[in-house]
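Based on the sequences and whatever the hints tell you, model everything.
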Amino acid sequence: MRLDIRTYLILLVLSATCASLNTHVLVEIGIILALSFLQLLSGKGVFMPRLLLLYGVLLLIQYQIFPVIPEVVVLLLSLPVVNIRSFFPVIMCVVLIYKTTQVSQVVATFTKMKVSKGATIAIAIAIRYIPSLAEEWRHIKEAMWVRRATVGIHNPIVRLSKCIECYLVPLLISAIKTSDELSAAAITRGIDSPGMPTCRKYRPMGAADYIVILLSIGVTAFCVVNEYILT
Amino acid sequence: MIEMKNAGFTYGDETAESESSRDTGIVDIHLQIRRGECVLLCGESGCGKTTVTKLINGLIPHFEIGNFSGEVTVNELDTKNVPMYQLAECVSSVFQNPKTQFFNTDAESEMTFGLENQAASVEYIDKRLAQTIEELDLTPLMNKSLFQMSGGEKQIIAFAGAYLSDTDIVVLDEPSANLDLWAIEKIRGVMEKMKAAGKTIVIAEHRLYYLRGLVDTVYYMKNGRILESHDVKDFFALDDQRRIGMGLRKLNMSDLFQITRTAIQAAEQNRLRVENLTLTYQKKPVFSGLSFEIFLGEIVGIIGANGMGKTSLLRCLCGIQKPDKGIVRFNGRRCRTKDKRRLCGVVMQDVNYQLFSDSVESECFLGNAGTTAEQVNAILNEMGLSACKDAHPQGLSGGQKQRLAIAVTVLSGKKILLLDEPTSGLDYQNMLTVSSLLRRLSENGMIIVVVTHDIEFLETTCNRCLELTANEMKAIDSAKIADVFYQNSIASM
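Residue numbers (the working numbering), protein chains in the order written: chain A, 1 to 231; chain B, 232 to 724.
Hints were generated in silico from the structure; no laboratory data involved. Please note: incorrect hints may appear among the correct ones.
Just the calculated beta-carbon pair ranges, DEER-fashion [what the hints assert, rightly or not]: (1) A:P49 with B:E506: 49 to 57 Å; (2) A:L172 with B:N675: 29 to 37 Å; (3) B:L308 with A:R138: 39 to 47 Å; (4) A:R138 with B:N507: 21 to 29 Å; (5) A:L172 with B:E295: 17 to 25 Å; (6) B:E605 with A:L172: 31 to 39 Å; (7) B:D357 with A:I130: 25 to 33 Å; (8) B:G420 with A:P194: 53 to 61 Å; (9) A:D192 with B:Q263: 24 to 32 Å.
Under the rule of at most 30 Å between Cα atoms (straight-line distance), these lysine-lysine pairs were calculated in the DSS-like manner [said to hold, decoys possible]: (10) B:K453 with A:K177; (11) B:K515 with B:K424; (12) B:K358 with A:K117; (13) B:K514 with A:K99; (14) B:K453 with B:K514; (15) B:K330 with A:K44; (16) A:K114 with B:K358; (17) B:K515 with B:K553; (18) A:K141 with B:K481; (19) A:K112 with B:K330.
Selected chain B positions facing chain A (Cβ under 8 Å, derived; list incomplete) [what the hints assert, rightly or not]: (20) L290; (21) F326; (22) D337; (23) T343; (24) A350; (25) F378; (26) L510; (27) Y512; (28) F526; (29) I551; (30) D581; (31) F587.
Since the model is a prediction, treat every value here as computed from it, not as a measurement. Every residue gets a Cβ at the ideal spot worked out from N, C-alpha and C, and that includes glycine.
Following this line, the structure appears as structure tokens:
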């Protein structure tokens, strides 16, 4: 089952709303399970069991380990553990969008929605660049490993700053080069045409989209009522 | 169809204070290309081939910053006065780097992108898509993400996009630069179909042998000018002396390729020995039970079919990737990961990822604690990089970056140098420079392992050639390298 990009975006906004509220943990678990189910329905490779496992581990740390460890350690760990855990619905939504959305669909839908061409192209390039970024990061990491670039630097701060520099220099140079070559390739294929392009991958919203939107509005409304009216 | 009158272009901002920041691309180009003609532009790096292709697809004067003069008409449209999107309706382009020319993440959308921008009907696009998939035999690629494809597969999709767009003119800028023989065979097939369909094709290229029987006219360029035009028959009949004088790569694949350097034998302690190396990736075997030896002072070329795991083998040798089984010994001693890391230097196919500093000189010191200024000066001199020691490494040419990466490896005292496709995109002179440099290093006792698809480079550089198959490293008889290359390309298809 594939949903429309607009449904995913609404889902993202609503899950961010729920995450920002002091949602009860059982409701949060329900949202996570519902999003996992949606990922499972969205096709092979979309559902990431490790992500769900990580959420389980965070829950376990917060509710089973924090009560029995010294308060100082709890103070140190609670900020990352609780924040990451409560932000998990948004992470799940981003994974869902990233794994199911093609650049061409984004361009087609945004064009139909009359979003400006500049904004559409910028978003499309951002989506297209994420996998390239991961690939480039891996290459740089390997090159640094072989090179032992920070060997001989004993000051940890200098070492860290050198390490960051070593990652960023090739990454930025590559990003500039890629954007230049990508722009050249895109304009030789008529991307700057002022007319309305054909939106071959455009699909109107269907029943599944409306059901998901209604359900998510319902859950968000429940969280808002629970936060501001019942408590 | 395409006409250039007195066309010239100088790269760089006109308002730039320094003249040195401006680069003369081409001067006084007069060219007429007929409808349906297939034209090859050849010459050394920087001779202006790519600039001419940019005049045709409109990147000059619409995209590149610089000073354009003269007149260029394409399909009777004056490129200076016509917007790019209008030129895109009659000119398709395929560029050198397959990684940076696709805008979409799936093959189908990428192929139809041009026609969608032209607002062609969905029915027409679907019809052209089905035709293209069938005629170019692309079904196996259609369900793959572009990010899962090899460089060759991506380039085939770029060609398919040009084919699907059905424009009158196709401009190809070094399309084979990053490709193996399998992909070159495939793109040649697409070019043949384009030519048969009456398209006008303009190719700027270093690798020439695969264009025999395809091009009609050859223009030889030097220093931004067209020096010679050749009838195809005369051009491919040029003798070696004349070809080398022009700085061109081999013209004929079936010329007898033979490794001229002699194999080296060394004592037991002076060798790299690999025993029973086995690697799996995502539960699928990449290779298994590989055993081979490389002697000190030897340059060994590794060839093999596409996807056979040549790059993975280099990664295993230098310790980046942990093999499932197998032992690597150097001088009789078993190497653990940290030993491999200490012993091996790697020059990646894309050397840009390996350069981190803000000057060539500081790059030499990075990670090489204890290196003296004298040592750095000596190695930069040897690599021909002394003149640019204050330059930013990322601002160097491809060949210079490669030499810098090699210099850093030599300074770090590594005994083994691993190179992955070191000559992709290099012209004849630069290829020879890399070749002589590696031979000098090997004569100083370094072990050099080169993964390459460049048969000409193998011939001039290596002592031995090994073919990587799924379960063994086969020694290749030097006289039969061309046959093995050809069989591999067929097997991959």
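Evaluation of the interface hint that places L510 of chain B against chain A, nearest CB under 8 Å: 16 Å, violated
Mind checking the alpha carbons of K515 of chain B and K553 of chain B for me, to see if they're no more than 30 Å apart? 15 Å, holds
Lying within 24 to 32 Å: is that true of the beta-carbon distance D192 of chain A to Q263 of chain B? Roughly 29 Å apart at Cβ, these two residues keep to the hinted range, so it holds.
Is it true that P49 of chain A and E506 of chain B lie within 49 to 57 Å of each other by Cβ? Check failed, 37 Å falls outside 49 to 57 Å.
Would the hint on A350 of chain B stand, with a C-beta cut-off of 8 Å toward chain A? OK, holds: A350 of chain B within 8 Å of chain A, min 5 Å.
Would the hint linking K358 of chain B and K117 of chain A be met if the CA-CA limit is 30 Å? 27 Å, holds
Minimum Cβ distance from D337 of chain B to chain A below 8 Å? 5 Å, holds
Was the hint right that D581 of chain B lines chain A, CB cutoff 8 Å? This hint holds: D581 of chain B lies near chain A, its Cβ roughly 7 Å from the closest one there, short of 8 Å.
Checking hints one by one. Is T343 of chain B an interface residue toward chain A, by the C-beta closer than 8 Å rule? 6 Å, holds
Between E605 of chain B and L172 of chain A, is the Cβ distance one that fits in 31 to 39 Å? 33 Å Cβ-Cβ, so the 31 to 39 Å window holds.
A closest beta-carbon separation below 8 Å is what the hint needs, so does I551 of chain B meet it against chain A? 5 Å, holds
Is it true that the CA of K330 of chain B sits at most 30 Å from the CA of K44 of chain A? Since the Cα atoms of K330 of chain B and K44 of chain A sit roughly 26 Å apart, the hinted pair holds (cutoff 30 Å).
In summary, the numbered hints that this structure violates are 1, 8, 11, 14, 18, 26, 27 and 28.
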